[in-house]
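Peer 1: With chain A fixed as given, assemble chain B with the ligand onto it according to the hints.
Residue numbers (numbering that gives the first Met the number 0), protein chains in the order written: chain A, 0 to 386; chain B, 0 to 359.
Some hints here could point you the wrong way.
Unchecked claim - Here are the computed distance ranges between Cβ atoms for each label pair: (1) B:Gln245 with A:His237: 32 to 40 Å; (2) B:Glu184 with A:Ala238: 52 to 60 Å; (3) A:Gln85 with B:Glu22: 49 to 57 Å; (4) B:Asp211 with A:Asn118: 30 to 38 Å; (5) A:Asn278 with B:Glu320: 34 to 42 Å; (6) B:Gln104 with A:Ile19: 33 to 41 Å; (7) B:Glu184 with A:Asn278: 30 to 38 Å; (8) B:Val242 with A:Trp22: 34 to 42 Å; (9) B:Glu6 with A:Gln85: 52 to 60 Å; (10) B:Glu6 with A:Asn265: 34 to 42 Å; (11) B:Glu128 with A:Glu345: 38 to 46 Å; (12) B:Glu1 with A:Asn118: 34 to 42 Å; (13) B:Glu320 with A:Thr176: 53 to 61 Å.
What the hints assert, rightly or not - Quick list of in silico lysine-lysine cross-link-like pairs, DSSO-like style, CA-CA up to 27 Å: (14) A:Lys264 with B:Lys355; (15) B:Lys96 with A:Lys29; (16) B:Lys332 with A:Lys266; (17) B:Lys35 with A:Lys270; (18) A:Lys145 with A:Lys109.
Claimed, not checked - Here chain B is said to cover these stretches of chain A; the calculated rule only asks that three of the stretch's residues, wherever they fall, bring their Cβ under 8 Å from a Cβ of chain B: (19) 189–201; (20) 209–219; (21) 264–275; (22) 318–332; (23) 343–350; (24) 363–376.
None of these hints come from the bench; they were simulated from the model.
No residue lacks a Cβ here, since even glycine has one placed at the ideal position from N, Cα and C.
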Amino acid sequence: MEFRWEPEYLAFRDEIEVFIHEWRTPELLKEQREREGAGGGPILTRYYEALQEKGWMRMCWPPELGGQGLNPTYRFIMVETMEYWQMPYGNLTYTSVAPALAVHGNEEQKKRFLPGIWNGDFTFAIGYSEPNAGTDLAALRTRAEKVEGGWIVQGQKIWTSLAEQSTHIWLAVRTDTEGPKHAGISLMIVETKTEGITIRPLPTLSGFVTYETFYDNVFIPDENLIGPLNGGWNIIMHALNHERVGLSPTGNLARNYDLLVDHLKNKAPEKLADPVVRNRLAEMRMELQRHRALAIRNAVTIAKDDVSPGQASMAKISGSELRYRMTNMAMDLLGRTGSLTAEAGELAASEGRQQGNWRSSPILRFGGGTNEVQRSIIAARHLGMSR
Amino acid sequence: MELDLTETQELLRDTLRGFLEAEVPFSQVRECEIEKKTDTRLWAQLAEQGYLGLPFPSEMAGGDGGLVEAGLLVEEVSRRAALVPIVEVMAASLTLKRKCSGATQLLESVLSGSAIVVPAVLEANDSFESFALEADAEGVLRGEKFFVDYAEAASHHLVVARDAKGPALYLVDSAAPAVKCEPIETMGRTPQSRVRYDGAAGTRAGGADAVDYLIQIARALTCAQILACMDSSLEQTVAYTNVREQFGRPLATFQAVQHHGANMGMHCESSRFLTYEALDCLERGDATEEQVAIAKASLSRAIPDVVMTGHQLHGGQGYIEENDLYFFTIRGKDRALAWGTAEECLEIVARSAEEKSRWL
Ligand SMILES: Cc1cc2nc3c(=O)[nH]c(=O)nc-3n(C[C@H](O)[C@H](O)[C@H](O)COP(=O)(O)OP(=O)(O)OC[C@H]3O[C@@H](n4cnc5c(N)ncnc54)[C@H](O)[C@@H]3O)c2cc1C
Numbered sequence: 000m001e002f003r004w005e006p007e008y009l010a011f012r013d014e015i016e017v018f019i020h021e022w023r024t025p026e027l028l029k030e031q032r033e034r035e036g037a038g039g040g041p042i043l044t045r046y047y048e049a050l051q052e053k054g055w056m057r058m059c060w061p062p063e064l065g066g067q068g069l070n071p072t073y074r075f076i077m078v079e080t081m082e083y084w085q086m087p088y089g090n091l092t093y094t095s096v097a098p099a100l101a102v103h104g105n106e107e108q109k110k111r112f113l114p115g116i117w118n119g120d121f122t123f124a125i126g127y128s129e130p131n132a133g134t135d136l137a138a139l140r141t142r143a144e145k146v147e148g149g150w151i152v153q154g155q156k157i158w159t160s161l162a163e164q165s166t167h168i169w170l171a172v173r174t175d176t177e178g179p180k181h182a183g184i185s186l187m188i189v190e191t192k193t194e195g196i197t198i199r200p201l202p203t204l205s206g207f208v209t210y211e212t213f214y215d216n217v218f219i220p221d222e223n224l225i226g227p228l229n230g231g232w233n234i235i236m237h238a239l240n241h242e243r244v245g246l247s248p249t250g251n252l253a254r255n256y257d258l259l260v261d262h263l264k265n266k267a268p269e270k271l272a273d274p275v276v277r278n279r280l281a282e283m284r285m286e287l288q289r290h291r292a293l294a295i296r297n298a299v300t301i302a303k304d305d306v307s308p309g310q311a312s313m314a315k316i317s318g319s320e321l322r323y324r325m326t327n328m329a330m331d332l333l334g335r336t337g338s339l340t341a342e343a344g345e346l347a348a349s350e351g352r353q354q355g356n357w358r359s360s361p362i363l364r365f366g367g368g369t370n371e372v373q374r375s376i377i378a379a380r381h382l383g384m385s386r
Numbered sequence: 000m001e002l003d004l005t006e007t008q009e010l011l012r013d014t015l016r017g018f019l020e021a022e023v024p025f026s027q028v029r030e031c032e033i034e035k036k037t038d039t040r041l042w043a044q045l046a047e048q049g050y051l052g053l054p055f056p057s058e059m060a061g062g063d064g065g066l067v068e069a070g071l072l073v074e075e076v077s078r079r080a081a082l083v084p085i086v087e088v089m090a091a092s093l094t095l096k097r098k099c100s101g102a103t104q105l106l107e108s109v110l111s112g113s114a115i116v117v118p119a120v121l122e123a124n125d126s127f128e129s130f131a132l133e134a135d136a137e138g139v140l141r142g143e144k145f146f147v148d149y150a151e152a153a154s155h156h157l158v159v160a161r162d163a164k165g166p167a168l169y170l171v172d173s174a175a176p177a178v179k180c181e182p183i184e185t186m187g188r189t190p191q192s193r194v195r196y197d198g199a200a201g202t203r204a205g206g207a208d209a210v211d212y213l214i215q216i217a218r219a220l221t222c223a224q225i226l227a228c229m230d231s232s233l234e235q236t237v238a239y240t241n242v243r244e245q246f247g248r249p250l251a252t253f254q255a256v257q258h259h260g261a262n263m264g265m266h267c268e269s270s271r272f273l274t275y276e277a278l279d280c281l282e283r284g285d286a287t288e289e290q291v292a293i294a295k296a297s298l299s300r301a302i303p304d305v306v307m308t309g310h311q312l313h314g315g316q317g318y319i320e321e322n323d324l325y326f327f328t329i330r331g332k333d334r335a336l337a338w339g340t341a342e343e344c345l346e347i348v349a350r351s352a353e354e355k356s357r358w359l
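Bound conformation, chain A alone:
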């Protein structure tokens, strides 16, 4: 046992921080806020180019997929550091679509899509969820019928985030209605501007706008089927193992804490001196270390190429639930200031981050595999409780 980071990881963190401080300008942050993670925008485009040049986005990919095959701990260090500084380091196109294409796409498809993804010309929305297929994703019903040269798609998706801003949709469709429901799903790529696709915005609690997408006789050519027909479920479930590190980072929670203390120091020193307030802060520090323990535990297991679904679930639950508890406590300590949004300018505490993160905390708990299911995974696969 040795509870300390090896020097190469600390050096890597320092290197990232130097890079971050070079790029973290008010202009970049503004563009990021306005585009809500959609990528694009002149500064972000240049920023992503610089990230690519560093090779950090694919550093842990296996060499046969064009990566450097580095230990997943490097990715963990990068994600945590970027999260602490709230800097972008990729989105679902990079972490979900690109690896799936690299593994399951044929040579022609890789040539057609990957370069565009890496240079930012192609961005993808993920079309998995449907009104009646959420946690039980395999229940999806959007139908693709075979026709000459391709497929005709009929149906509806919901929560197709970034659909409006993306060039393509990574679409899960039903290609077989007989047999087990997960064995009749296929994955296809469709251009967002294809005739028959309509997009309707759904503003959310956090301020983020997601979309419903409707498919009315949408034609998808044969060459856009990814992987085998009816083999979509494997692709959906497959993720590069190393991407599972840092899924529930400590960095952004720690940042929330530090910003809260900065605010109290500058704007409400009498609160910071109050023993009751300090006790609450101590509690947050303790909770943060509990979560850090689970996040590191999971990352270290993955770095050893072990798979421990229980540990990944623990980190996921703990990070998502702590985000709610910490921001909630922070808002209580801030009083009415806690409710001010970024628009309140100077008055708001850390640009309204606590209330913003509080509002976005539900998605982290029910999304990405709802916490109820995660707890059952821990029970069955980590503890050995009967199903």
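Peer 2: Same frame as chain A, now just chain B with the ligand:
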């Protein structure tokens, strides 16, 4: 970051576990509880097998290990709920070895099992911050200590006393007539005493930094004790819910039951990390007081949640003393109160509230 035990540590843990399971049946623990006595038979065996020397250098016939090995020893002994002063002796003797001088002979006797040294720290005010018991220029102690674990079984007390230089550690022969132990009964059912030192002769062993070291390592080793209680309670609960059937199916198949189990499991997992991180960092000399306090606060908060959930899932079966579950319930909560409660530890953490948080 290496979070797994080394092969040697793993072997040590397995050997210890096998040895203790064979040598300490829970019936023996129940007997000690009823007679309110220390398990001297087990203590002699631990000494004889060389386990007490684990964190000491080989020149002393020790095992060349450190606090992590001491933690493993504490954890395994505590999984048997054994009534032996393992945390007390480890903390006192490691402090003597590392922060004091002149106790070589006593330490040899401790490792061979012929002497037992335990700390005597708290007083009526139950505080780690201020001590009234005084030592005069000749090293004569006057005053009273409370909550002295295994005071009667010990041959020596390592007493925190105030002298001209501030708080200091004094070694006292507890057989001396000026030392009077009066047993106190606690929920944890471990031997404890209130001890009067009416002019007892003491030898100054170390100053304020030694007092501080003693508290830090005892606090971290107590985490290992609590961790053992947590893990044992969880393991027993998983096993029980897998076989106990209601409504025609094992309890474990109910989702609500699984979720209780998962919550217990998460506490165990983070507690294990925090405990061994504190021990490992203390061993290397780079643990902060805050870090150790966070570990102790976290485990002290978690243990009642874990054991009470264990009881919830056992129903009446876990409520009777024929069942082994209660050992971990009462010992776990009792130790949550020892060497700094969650509240006391959070107060320490609160002092660093302005410091940047640690996220890697
Ligand atoms: C802002 C936002 C963005 C999103 N972006 C995308 C995207 O880009 N692409 C995409 O495909 N999807 C996206 N999603 C969908 C997201 O993945 C789903 O919301 C998630 O899978 C949960 O499905 P659901 O909302 O239908 O909830 P439901 O499946 O209806 O579940 C609701 C609740 O019921 C309980 N529950 C459900 N099943 C069980 C069970 N087996 N055991 C116990 N309790 C259970 C849980 O408490 C769960 O949280 C997004 C969602 C939101 C809100």
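Peer 1: Between Glu184 of chain B and Ala238 of chain A, does the beta-carbon spacing fit 52 to 60 Å?
Peer 2: Taking Cβ atoms as reference, Glu184 of chain B and Ala238 of chain A lie about 56 Å apart, which means the hint holds.
Peer 1: May I ask you to test the hint 30 to 38 Å on the CB atoms belonging to Glu184 of chain B and Asn278 of chain A?
Peer 2: holds (32 Å)
Peer 1: Quick check: the segment 209–219 of chain A, covered by chain B? Criterion 3+ residues, Cβ under 8 Å.
Peer 2: With 0 residues closer than 8 Å to chain B, the segment 209–219 of chain A misses the three-residue bar; violated.
Peer 1: Looking only at beta-carbon atoms, does the pair Asn278 of chain A, Glu320 of chain B fall within the given range of 34 to 42 Å?
Peer 2: With a Cβ separation near 37 Å, Asn278 of chain A and Glu320 of chain B satisfy 34 to 42 Å, so the hint holds.
Peer 1: Is 34 to 42 Å respected by the C-beta to C-beta distance linking Glu6 of chain B and Asn265 of chain A?
Peer 2: At roughly 52 Å between Cβ atoms, Asn265 of chain A and Glu6 of chain B fall outside 34 to 42 Å, so the hint is violated.
Peer 1: Confirm or reject the coverage of the segment 343–350 of chain A by chain B under the rule of 3 or more residues with a beta carbon closer than 8 Å to the chain's beta carbons.
Peer 2: violated (count 0)
Peer 1: Go check the segment 189–201 of chain A versus chain B for me, would you? Three or more residues, Cβ under 8 Å, otherwise it fails.
Peer 2: violated (count 0)
Peer 1: Okay, Glu128 of chain B versus Glu345 of chain A on CB: inside 38 to 46 Å?
Peer 2: holds (41 Å)
Peer 1: Return holds or violated for the Cβ distance of Gln245 of chain B and His237 of chain A against the range 32 to 40 Å.
Peer 2: holds (39 Å)
Peer 1: Decide if the proposed pair is consistent with the structure: Lys96 of chain B and Lys29 of chain A, CA atoms, cutoff 27 Å inclusive.
Peer 2: violated (58 Å)
Peer 1: Taking the beta carbons of Glu320 of chain B and Thr176 of chain A, is their distance inside 53 to 61 Å?
Peer 2: holds (59 Å)
Peer 1: Is the hinted pair Lys264 of chain A and Lys355 of chain B satisfied, with a Cα-Cα distance of at most 27 Å?
Peer 2: holds (13 Å)
Comparing the model with each numbered hint stated earlier shows that hints 4, 6, 8, 9, 10, 15, 16, 17, 19, 20, 22, 23 do not hold.
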